[in-house]
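Student: If you read the protein sequences in the order shown, they are chains Z and D.
Just remember that this note's numbering sits 958 ahead of the position in the first sequence, which is counted from 1.
Just remember that this note's numbering sits 916 ahead of the position in the second sequence, which is counted from 1.
Hints were generated in silico from the structure; no laboratory data involved.
All residues carry an ideal CB built from backbone N, CA and C; glycine is no exception.
Hints should not be assumed to be uniformly reliable.
Stretch-level coverage of chain Z by chain D, calculated; a stretch enters the list once three of its residues show a Cβ under 8 Å from a Cβ in chain D [to be verified]:
| id | stretch |
| --- | --- |
| 1 | 977-991 |
| 2 | 996-1002 |
| 3 | 1141-1153 |
Calculated cross-link-like contacts (lysine-lysine; reagent style BS3-like; alpha-carbon spacing at most 30 Å) [stated by the list, open to error]:
| id | chain 1 | residue 1 | chain 2 | residue 2 |
| --- | --- | --- | --- | --- |
| 4 | D | K1054 | Z | K1250 |
| 5 | D | K1140 | D | K1168 |
| 6 | D | K1013 | D | K1096 |
| 7 | D | K1168 | Z | K1250 |
| 8 | D | K1069 | D | K1096 |
| 9 | D | K1113 | D | K1127 |
| 10 | Z | K1010 | D | K1096 |
| 11 | D | K1140 | D | K1116 |
| 12 | D | K1069 | D | K1140 |
| 13 | D | K1013 | D | K1069 |
| 14 | D | K1054 | D | K1013 |
| 15 | Z | K977 | D | K1127 |
| 16 | D | K1069 | D | K1054 |
| 17 | Z | K977 | Z | K1190 |
| 18 | Z | K1158 | D | K1054 |
| 19 | D | K1096 | D | K1113 |
| 20 | Z | K1158 | Z | K1250 |
| 21 | Z | K1190 | Z | K1010 |
| 22 | D | K1127 | D | K1168 |
| 23 | D | K1113 | Z | K1019 |
| 24 | D | K1013 | Z | K1158 |
| 25 | D | K1054 | Z | K1010 |
| 26 | D | K1013 | Z | K1010 |
| 27 | D | K1096 | D | K1127 |
| 28 | Z | K1052 | Z | K1250 |
| 29 | D | K1054 | D | K1140 |
| 30 | D | K1096 | D | K1140 |
| 31 | D | K1096 | Z | K977 |
| 32 | D | K1013 | Z | K977 |
Chain residues, written in single-letter form:
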Amino acid sequence: MSAPPSPDEGLTAAELAAKYGLSVSGARPSLSEYVRQLWDRRHFILAFSRAKLTAQYSQAKLGQLWQVATPLLNAAVYFFIFGMLLGAREGIPKGIYVPFLVTGVFVFTFTQSSVLAGVRAISGNLGLVRALHFPRASLPLSFALQQLQQLLYSMAVLVVIMMAFGSFPDLSWLLVVPALTLQFVFNAGLALIFARMGSKTPDLAQLMPFILRTWMYASGVMFSIPAMLADKNWPGWITDVLQWNPAAIYMDLVRFAMIDGYGSDFLPAHVWAFAVGWALLAGGVGFVYFWKAEERYGRG
Amino acid sequence: MAELKKDGPRVPTVIADDLHIVYRVNGAKSGKGSATAALSRILKRGEERGVRKVHAVRGVSFVAYRGEAIGLIGSNGSGKSTLLRAIAGLLPAEQGKVYTDGQPSLLGVNAALMNDLTGERNVILGGLAMGMSREEIKARYQEIVDFSGINEKGDFITLPMRTYSSGMAARLRFSIAAAKDHDVLMIDEALATGDRKFQKRSEERIRELRKEAGTVFLVSHNNKSIRDTCNRVLWLERGELRMDGPTDEVLKEYEKFTGK
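If we strip away everything but chain Z, and leave its shape as in the complex, we get (with noise of 0.2 Å):
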């Protein structure tokens, strides 16, 4: 079969794949057209988080019982711990410890472990990362979502101890809503900090869960800032300081909200700025941050 001599000789391959609109396989999208592919995998990515949620305890024999069991067990360890041997209640008043302890564990807990799954997001997901082709934000934001889950079974064994000690729901426990909306999104932006971190570096795993624990004994978990700080003739900025980090403030927006006796005293200043400021930078970076090596993960 003899043709004529085909037009697209001698061009180069990048010459010849403009020619006929071919694009760079593995290419990163524009920042919207990330936004958009995200969007339309929304699906997969509320399917992928609860699907985890449940293979989490599929082998149990209580099953998904062990969803509230876990977060009580915990809140009891450090009731134990810290509210009867240590004694670290000063400042708080009598009755309201183990609804503020509890608060804050498992306000605290839904921070850490998503940081701790986000680390793990890309590293430890590389066989479905090089076999399937989809934005990879949906790993970290899928965990940060199981993680949102977990914290919601929290909070229904939450509202049992607030009522067991003497807080009943009133129209101020709708606060928790928009506290913990902040909450999730400072928690995304930083899962995907972490997954990016993560995947060039996996030893961060190892690592995280130290630094975790260290930001958790600062942050207020277990005792109250401002009562710990009050006889140390600091002054004032340094609590307002320790306040504004966002754990502390998210944790501190949702005692507010739901625990009687702990009034607005125990806030610092500027609280809900703080708290949409934290979930803005952290949203709006980790995204970013996310999205610039996004043709790079899944090599090693």
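Starting from the known structure of chain Z, fit chain D onto it as the hints suggest.
Tutor: Just chain D now, kept in the frame of chain Z:
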């Protein structure tokens, strides 16, 4: 490189331009594996610490056209699967570029499935992971289950996948993966598993997929199946493109090389 016949306007669908793929493996550097050895490696600055590089694909260039079925051959570890993944855009290139028409897809969904979930939920999860919509999955659900033949021996689809025999699991995985239509399709032969009856069914399905797809890549160690289905063959050896041309020519050389 062998010249190919040029008949009519040929539309390229995949262009690989001097493609290099390098894997980085942590903790595989030769030397003592003890903690002190690792520490001394960290202290000694220099090239990347504790990381070994594997140069899996070295400078491969080719142009694939619409309507071609291309076989990839070569001995184990010659970089065939790696090349496929790079074309699909799943492995970033160290150097060089791959241009593609649309989004090529690799027939492989295994990684998205979870052993602790029921087959039912895995069908949905796998479909979503491949980018199908909920409606598409719902419409194809029964087809997928019937094709896998999982329910032939009772209601297994509602049991967790970890309770399946390896053959059953492989069948379900293939059925999910093959449920979607693709533009540029890549098939790693390892997917076609299961008993005789199922293999026949899956071969048929692959032929169907080929008809629907614009360009097909097939990795196989079975020269017969390459001869049956491909009109062009790329022969990779040690990550380099050793030969590229019509099926018969390349296979003849390859068989000479492997000493058949």
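Student: Take the hints in turn and mark each one as holding or not.
Tutor: These are the hints, each one checked on the structure:
no.: 1; hint: 977-991; verdict: holds (count 8)
no.: 2; hint: 996-1002; verdict: holds (count 4)
no.: 3; hint: 1141-1153; verdict: violated (count 0)
no.: 4; hint: D:K1054 x Z:K1250; verdict: violated, 35 Å
no.: 5; hint: D:K1140 x D:K1168; verdict: holds, 12 Å
no.: 6; hint: D:K1013 x D:K1096; verdict: holds, 27 Å
no.: 7; hint: D:K1168 x Z:K1250; verdict: violated, 47 Å
no.: 8; hint: D:K1069 x D:K1096; verdict: holds, 26 Å
no.: 9; hint: D:K1113 x D:K1127; verdict: holds, 22 Å
no.: 10; hint: Z:K1010 x D:K1096; verdict: holds, 24 Å
no.: 11; hint: D:K1140 x D:K1116; verdict: holds, 15 Å
no.: 12; hint: D:K1069 x D:K1140; verdict: violated, 33 Å
no.: 13; hint: D:K1013 x D:K1069; verdict: violated, 48 Å
no.: 14; hint: D:K1054 x D:K1013; verdict: violated, 38 Å
no.: 15; hint: Z:K977 x D:K1127; verdict: holds, 26 Å
no.: 16; hint: D:K1069 x D:K1054; verdict: holds, 23 Å
no.: 17; hint: Z:K977 x Z:K1190; verdict: violated, 73 Å
no.: 18; hint: Z:K1158 x D:K1054; verdict: violated, 38 Å
no.: 19; hint: D:K1096 x D:K1113; verdict: holds, 22 Å
no.: 20; hint: Z:K1158 x Z:K1250; verdict: holds, 13 Å
no.: 21; hint: Z:K1190 x Z:K1010; verdict: violated, 46 Å
no.: 22; hint: D:K1127 x D:K1168; verdict: holds, 27 Å
no.: 23; hint: D:K1113 x Z:K1019; verdict: violated, 38 Å
no.: 24; hint: D:K1013 x Z:K1158; verdict: holds, 22 Å
no.: 25; hint: D:K1054 x Z:K1010; verdict: holds, 21 Å
no.: 26; hint: D:K1013 x Z:K1010; verdict: violated, 35 Å
no.: 27; hint: D:K1096 x D:K1127; verdict: holds, 13 Å
no.: 28; hint: Z:K1052 x Z:K1250; verdict: violated, 50 Å
no.: 29; hint: D:K1054 x D:K1140; verdict: violated, 37 Å
no.: 30; hint: D:K1096 x D:K1140; verdict: holds, 26 Å
no.: 31; hint: D:K1096 x Z:K977; verdict: holds, 29 Å
no.: 32; hint: D:K1013 x Z:K977; verdict: holds, 16 Å
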